[in-house]
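Protein chains: 2
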Amino acid sequence: MTVMNPRQVDTHDKKLSVYSPVQVYRIDRTPPLPKVFNGHFRLENGPPTTSAGHPEDIKKLFPHTFGQPSVHLAPCEGACFDEARKLKVGVVLSGGQAPGGHNVIAGMFDYLEKNAPGSVLFGFKGGPAGIMRNKWVEITSRLLYPFRNQGGFDIIGSGRDKIETPEQFQQAVDTVVALDLDGLVVIGGDDSNTNAAMLAEHFREKKIKTAVLGCPKTIDGDLKSKQVPISFGFDTACKIYSEMIGNIMVDARSTQKYYHFIRLMGRAASHITLECAFQTHPNGAIIGEEIHHQKKTLRQVTNTIADIICKRAHIGKHYGVFLIPEGLIDFIPEIQTLIAELNDLLATQACDADAHGAWRTKLKPQARALFASLPSSIQDQLLLERDPHGNVQVAKIETEKMLISMVEEELSHRRHEDTFPGQFKGQAHFFGYEGRCGMPTNFDATYCYALGFAASALLGFGHTGLIASVSNLTDKPAEWVVGGTALTELMDLERRAGRDKPVIRKAMVELDGGPFREFARVRDAWAVEDSFVSPGPIQFAGPSADDTCFTLKLELGACVSA
Amino acid sequence: MTVMNPRQVDTHDKKLSVYSPVQVYRIDRTPPLPKVFNGHFRLENGPPTTSAGHPEDIKKLFPHTFGQPSVHLAPCEGACFDEARKLKVGVVLSGGQAPGGHNVIAGMFDYLEKNAPGSVLFGFKGGPAGIMRNKWVEITSRLLYPFRNQGGFDIIGSGRDKIETPEQFQQAVDTVVALDLDGLVVIGGDDSNTNAAMLAEHFREKKIKTAVLGCPKTIDGDLKSKQVPISFGFDTACKIYSEMIGNIMVDARSTQKYYHFIRLMGRAASHITLECAFQTHPNGAIIGEEIHHQKKTLRQVTNTIADIICKRAHIGKHYGVFLIPEGLIDFIPEIQTLIAELNDLLATQACDADAHGAWRTKLKPQARALFASLPSSIQDQLLLERDPHGNVQVAKIETEKMLISMVEEELSHRRHEDTFPGQFKGQAHFFGYEGRCGMPTNFDATYCYALGFAASALLGFGHTGLIASVSNLTDKPAEWVVGGTALTELMDLERRAGRDKPVIRKAMVELDGGPFREFARVRDAWAVEDSFVSPGPIQFAGPSADDTCFTLKLELGACVSA
Numbered sequence: 001m002t003v004m005n006p007r008q009v010d011t012h013d014k015k016l017s018v019y020s021p022v023q024v025y026r027i028d029r030t031p032p033l034p035k036v037f038n039g040h041f042r043l044e045n046g047p048p049t050t051s052a053g054h055p056e057d058i059k060k061l062f063p064h065t066f067g068q069p070s071v072h073l074a075p076c077e078g079a080c081f082d083e084a085r086k087l088k089v090g091v092v093l094s095g096g097q098a099p100g101g102h103n104v105i106a107g108m109f110d111y112l113e114k115n116a117p118g119s120v121l122f123g124f125k126g127g128p129a130g131i132m133r134n135k136w137v138e139i140t141s142r143l144l145y146p147f148r149n150q151g152g153f154d155i156i157g158s159g160r161d162k163i164e165t166p167e168q169f170q171q172a173v174d175t176v177v178a179l180d181l182d183g184l185v186v187i188g189g190d191d192s193n194t195n196a197a198m199l200a201e202h203f204r205e206k207k208i209k210t211a212v213l214g215c216p217k218t219i220d221g222d223l224k225s226k227q228v229p230i231s232f233g234f235d236t237a238c239k240i241y242s243e244m245i246g247n248i249m250v251d252a253r254s255t256q257k258y259y260h261f262i263r264l265m266g267r268a269a270s271h272i273t274l275e276c277a278f279q280t281h282p283n284g285a286i287i288g289e290e291i292h293h294q295k296k297t298l299r300q301v302t303n304t305i306a307d308i309i310c311k312r313a314h315i316g317k318h319y320g321v322f323l324i325p326e327g328l329i330d331f332i333p334e335i336q337t338l339i340a341e342l343n344d345l346l347a348t349q350a351c352d353a354d355a356h357g358a359w360r361t362k363l364k365p366q367a368r369a370l371f372a373s374l375p376s377s378i379q380d381q382l383l384l385e386r387d388p389h390g391n392v393q394v395a396k397i398e399t400e401k402m403l404i405s406m407v408e409e410e411l412s413h414r415r416h417e418d419t420f421p422g423q424f425k426g427q428a429h430f431f432g433y434e435g436r437c438g439m440p441t442n443f444d445a446t447y448c449y450a451l452g453f454a455a456s457a458l459l460g461f462g463h464t465g466l467i468a469s470v471s472n473l474t475d476k477p478a479e480w481v482v483g484g485t486a487l488t489e490l491m492d493l494e495r496r497a498g499r500d501k502p503v504i505r506k507a508m509v510e511l512d513g514g515p516f517r518e519f520a521r522v523r524d525a526w527a528v529e530d531s532f533v534s535p536g537p538i539q540f541a542g543p544s545a546d547d548t549c550f551t552l553k554l555e556l557g558a559c560v561s562a
Numbered sequence: 001m002t003v004m005n006p007r008q009v010d011t012h013d014k015k016l017s018v019y020s021p022v023q024v025y026r027i028d029r030t031p032p033l034p035k036v037f038n039g040h041f042r043l044e045n046g047p048p049t050t051s052a053g054h055p056e057d058i059k060k061l062f063p064h065t066f067g068q069p070s071v072h073l074a075p076c077e078g079a080c081f082d083e084a085r086k087l088k089v090g091v092v093l094s095g096g097q098a099p100g101g102h103n104v105i106a107g108m109f110d111y112l113e114k115n116a117p118g119s120v121l122f123g124f125k126g127g128p129a130g131i132m133r134n135k136w137v138e139i140t141s142r143l144l145y146p147f148r149n150q151g152g153f154d155i156i157g158s159g160r161d162k163i164e165t166p167e168q169f170q171q172a173v174d175t176v177v178a179l180d181l182d183g184l185v186v187i188g189g190d191d192s193n194t195n196a197a198m199l200a201e202h203f204r205e206k207k208i209k210t211a212v213l214g215c216p217k218t219i220d221g222d223l224k225s226k227q228v229p230i231s232f233g234f235d236t237a238c239k240i241y242s243e244m245i246g247n248i249m250v251d252a253r254s255t256q257k258y259y260h261f262i263r264l265m266g267r268a269a270s271h272i273t274l275e276c277a278f279q280t281h282p283n284g285a286i287i288g289e290e291i292h293h294q295k296k297t298l299r300q301v302t303n304t305i306a307d308i309i310c311k312r313a314h315i316g317k318h319y320g321v322f323l324i325p326e327g328l329i330d331f332i333p334e335i336q337t338l339i340a341e342l343n344d345l346l347a348t349q350a351c352d353a354d355a356h357g358a359w360r361t362k363l364k365p366q367a368r369a370l371f372a373s374l375p376s377s378i379q380d381q382l383l384l385e386r387d388p389h390g391n392v393q394v395a396k397i398e399t400e401k402m403l404i405s406m407v408e409e410e411l412s413h414r415r416h417e418d419t420f421p422g423q424f425k426g427q428a429h430f431f432g433y434e435g436r437c438g439m440p441t442n443f444d445a446t447y448c449y450a451l452g453f454a455a456s457a458l459l460g461f462g463h464t465g466l467i468a469s470v471s472n473l474t475d476k477p478a479e480w481v482v483g484g485t486a487l488t489e490l491m492d493l494e495r496r497a498g499r500d501k502p503v504i505r506k507a508m509v510e511l512d513g514g515p516f517r518e519f520a521r522v523r524d525a526w527a528v529e530d531s532f533v534s535p536g537p538i539q540f541a542g543p544s545a546d547d548t549c550f551t552l553k554l555e556l557g558a559c560v561s562a
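So the sequences go chain by chain: Y and R. Residues 1 to 562 in UniProt numbering are what the first sequence lists, from first letter to last. Residues 1 to 562 in UniProt numbering are what the second sequence lists, from first letter to last.
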């Protein structure tokens with residue numbers, strides 16, 4: 001590992017030459033570290049762990065790594081382990097982008113440089129495929145410098161491949177043996193961390209020395225547990241979306257002419273929608289988990305929105321903002337049934353949205369009625385867009401436009417019945433890519449840097465099968481607690497493609513959790529009052545730049561009122 | 001006028017209670033003022049003015065206000081005019097929102113409070129309709145306080161009504177006479193300022209004492225002249241859009257999987273697209289004025305984009321970003337012809353996009369071929385969406401999706417001909433409402449505050465028929481030059497609805513101007529290289545927070561290289 005003062009790096013090199021002033025200014029920010037890294041430290045064990053579900057089955061699948069205790073670093077007098085042992089470490093970015101990934105790598109690198117000089121850090125290129133193909137680049141100070149505190153996963157790229165087959169596991173073994181790796185850190189979401197757990201188990205079983213650790217990444221916020229309070233990237237993405245939502249709210253109130261329906265990224269869970277609701281106070285925010293729990297129909301969702309619009313019309317307000325989670329239709333049981341029936345039909349014959357062909361009669365009555373009630377553009381999307389497996393591409397369905405169209409129709413009925421004394425004009429928005437690669441907020445920059453330090457430190461202790469964890473996050477960074485918890489602790493069995501598979505259970509919005517309960521308490525007021533909040537640009541400047549998310553604070557019981 | 005220290009205002013009142021920390025922190029920022037306001041000043045005349053076109057006709061239409069010289073404030077020893085004369089002034093916000101409108105009002109108010117205590121400022125509610133209906137609210141320190149440096153036009157609202165008929169002119173006369181107004185300031189775009197000029201002329205003709213001034217507002221940037229270098233709101237909107245574009249660029253480069261087509265607000269002119277291009281360096285940015293000048297067809301526009309994608313594919317790049325002005329199809333002559341033919345057809349019969357009905361044969365061959373070449377969703381939009389006058393609603397046409405679809409088809413042909421060695425996946429975005437009501441940037445906050453001071457000062461001198469102007473904007477705010485120029489100087493005759501009408505000529509992107517020439521010089525490099533710049537949040541913090549736009553600097557010949 002080349003030790004290099006970042007200041008010596010030629011700031012006129014190609015990459016930096018097209019950096020904006022803000023990008024350049026962020027590079028030289030060194031995030032504050034948890035104080036445990038100020039001196040010597042040792043590992044302290046928590047109680048043994050179990051799993052999120054089916055512990056007996058998970059134990060059988062992970063005999064070598066199941067049940068190990070969570071650990072955290074604690075200060076000690078003098079060196080308590082061979083701190084300076086040189087390590088060979090690999091790191092890989094897996095899955096979609098999330099702000100802060102570069103800082104995890106920077107944290108890993110800086111830890112090794114400071115505590116174990118002479119270590120080597122390999123960055124596998126293009127995601128897990130880089131491991132299987134033994135494609136890597138050595139992370140050097142010079143290579144790393146332009147990526148510090150920057151968004152994106154450009155430094156080594158990412159990918160969505162999985163290491164699944166026996167051949168692929170063998171390729172991974174070949175690579176880590178060839179590179180003589182002491183450790184491998186997988187930065188990814190639930191699936192990637194599941195993969196990390198399986199690699200850890202496999203290497204241990206094969207008596208390969210390489211330890212494998214995971215690191216919690218996803219803007220969706222659905223990879224978390226008691227020990228891993230938040231996934232990185234969520235804070236940044238929500239703050240960028242909230243800035244835009246807040247601007248749109250001021251426009252709505254000022255123009256008094258439009259209802260804005262804003263769809264937000266996050267398919268499996270509605271954490272992003274919930275957090276953005278706390279940041280901005282919309283007139284309505286649909287939480288998929290609630291819809292699912294209450295088994296609501298699309299008509300009922302439509303009516304909930306139409307009711308709010310009616311209430312506002314009665315007090316002379318014909319404008320507002322609704323937030324919609326990207327994955328909404330995955331949460332509505334009747335739509336799931338319709339899509340399943342359509343997938344079957346589409347597999348055997350061509351269907352046409354506009355023709356009233358015979359194929360429609362093959363839908364069961366309920367699905368047929370639902371299909372008929374949908375706007376024609378959505379019918380088109382349901383029929384035409386299929387993925388290579390013949391399935392409807394749910395993510396391509398413009399839910400916000402569907403709801404606008406259905407609400408419009410509903411309000412038109414109500415106008416004829418004289419129960420809606422107003423007008424309705426909808427504007428559709430989708431925020432996704434705008435947030436995945438923003439420069440990480442102060443929180444994400446600092447959190448990720450600490451996660452990187454944690455990962456390298458745990459490798460120094462030779463631990464495997466853990467996910468790096470940093471907790472006590474509502475306190476100052478100096479007080480954050482650093483450690484790791486067993487990946488198996490987050491796991492459960494899930495039936496996929498007819499087989500029970502061990503997976504990390506996605507963390508959904510808990511209807512009895514602090515954030516949702518607070519939301520349920522305040523949403524009726526938000527519906528009719530204009531309580532709109534415009535957070536402004538809050539990534540890393542201004543009075544709220546060091547705040548973290550509302551949902552995290554509410555989950556941790558920190559006193560907060562949205 | 002109640003003199004009130006803003007600090008005395010109860011910050012816990014209803015409005016402020018839902019302000020974000022950034023909103024609250026912005027409120028107390030007092031923008032720096034041009035130094036001419038530090039002491040006494042007098043008015044200095046420039047040479048007499050003429051008009052942007054048809055000076056003889058404009059002179060006939062504006063006999064009382066035509067030709068008056070531009071003026072600017074110059075420091076003088078001791079009071080050179082009755083500075084402390086109490087004034088009764090009205091102000092109105094007209095047309096779409098633009099960041100900074102509140103600061104114009106704050107500047108007017110603070111000038112009066114400081115220089116002419118005892119003056120009264122009336123804010124007409126809901127735009128020009130408020131003048132006609134004599135609906136107003138007195139602007140007080142307490143009312144104004146929460147709106148300082150905030151986005152939106154909430155303080156008094158806005159509207160799109162025009163004062164046009166003799167009856168409406170009489171209503172305006174009645175109002176300004178009833179309120180005994182010394183002056184009226186119209187904050188608006190080209191049409192609103194045209195209206196201001198007509199009011200000024202009318203009042204002068206009728207020997208009404210009320211002076212009328214305009215103030216240049218529009219995010220589109222198409223209201224400007226030599227004396228009025230920029231309209232307010234443009235800087236903020238472009239910076240907000242650029243932040244999002246920059247994030248998407250990092251995503252594009254990091255994911256290496258998508259081409260993002262980003263449509264940007266701004267229908268009549270492509271200034272926003274050009275400015276955002278300088279801020280972010282996309283692979284392509286379509287400037288409507290160039291398309292129009294070169295009489296390009298939709299096919300040619302499509303091919304230009306496809307050529308860039310092909311070039312990038314040959315060097316292994318299958319991702320990128322294109323910027324598209326909202327008004328693109330207004331600039332393509334063949335589409336204008338098609339729309340005109342469709343409007344005629346739609347007026348007499350129902351047309352159906354999917355049926356190959358007889359109506360299609362009524363299109364002329366060129367229009368018929370063009371229509372047939374369009375994606376079916378765009379055919380639908382052209383046929384179904386009509387405004388109350390029976391016209392196609394061009395603004396609702398999703399140009400970015402149309403181009404994605406056409407580029408996809410073109411590249412598919414090229415793939416079959418073995419000239420496109422790649423893949424193409426498009427992602428569509430539209431940024432509009434996100435930028436119209438953001439909190440004004442440092443530049444817009446300061447510029448608008450100076451415009452407000454300028455407007456009140458000019459009214460103190462009793463001038464009418466001017467548009468407030470602040471120039472020398474590439475220097476520090478202290479050095480800015482404050483004054484006004486004749487509204488008639490910006491005017492020309494335009495044929496509208498079969499009649500010659502005096503209008504303020506929209507400022508288009510000049511193909512021989514500094515900004516476009518610089519763009520033409522660098523765009524080929526941007527097309528193939530990844531020169532992407534991610535500006536980050538640059539509204540009012542960070543090292544570039546006090547920079548103004550690239551296009552302004554290039555227009556003024558200030559040394560700049562994008």
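None of these hints come from the bench; they were simulated from the model. Each hint should be verified, as a subset may be incorrect.
Intra- or inter-copy, both count: the list cannot distinguish identical chains.
[To be verified] Under the rule of at most 30 Å between Cα atoms (straight-line distance), these lysine-lysine pairs were calculated in the BS3-like manner: (1) Lys501 x Lys476; (2) Lys125 x Lys425; (3) Lys135 x Lys226; (4) Lys206 x Lys125.
Enumerated hints in conflict with the structure, sorted upward: Violated: hints 1 and 3.
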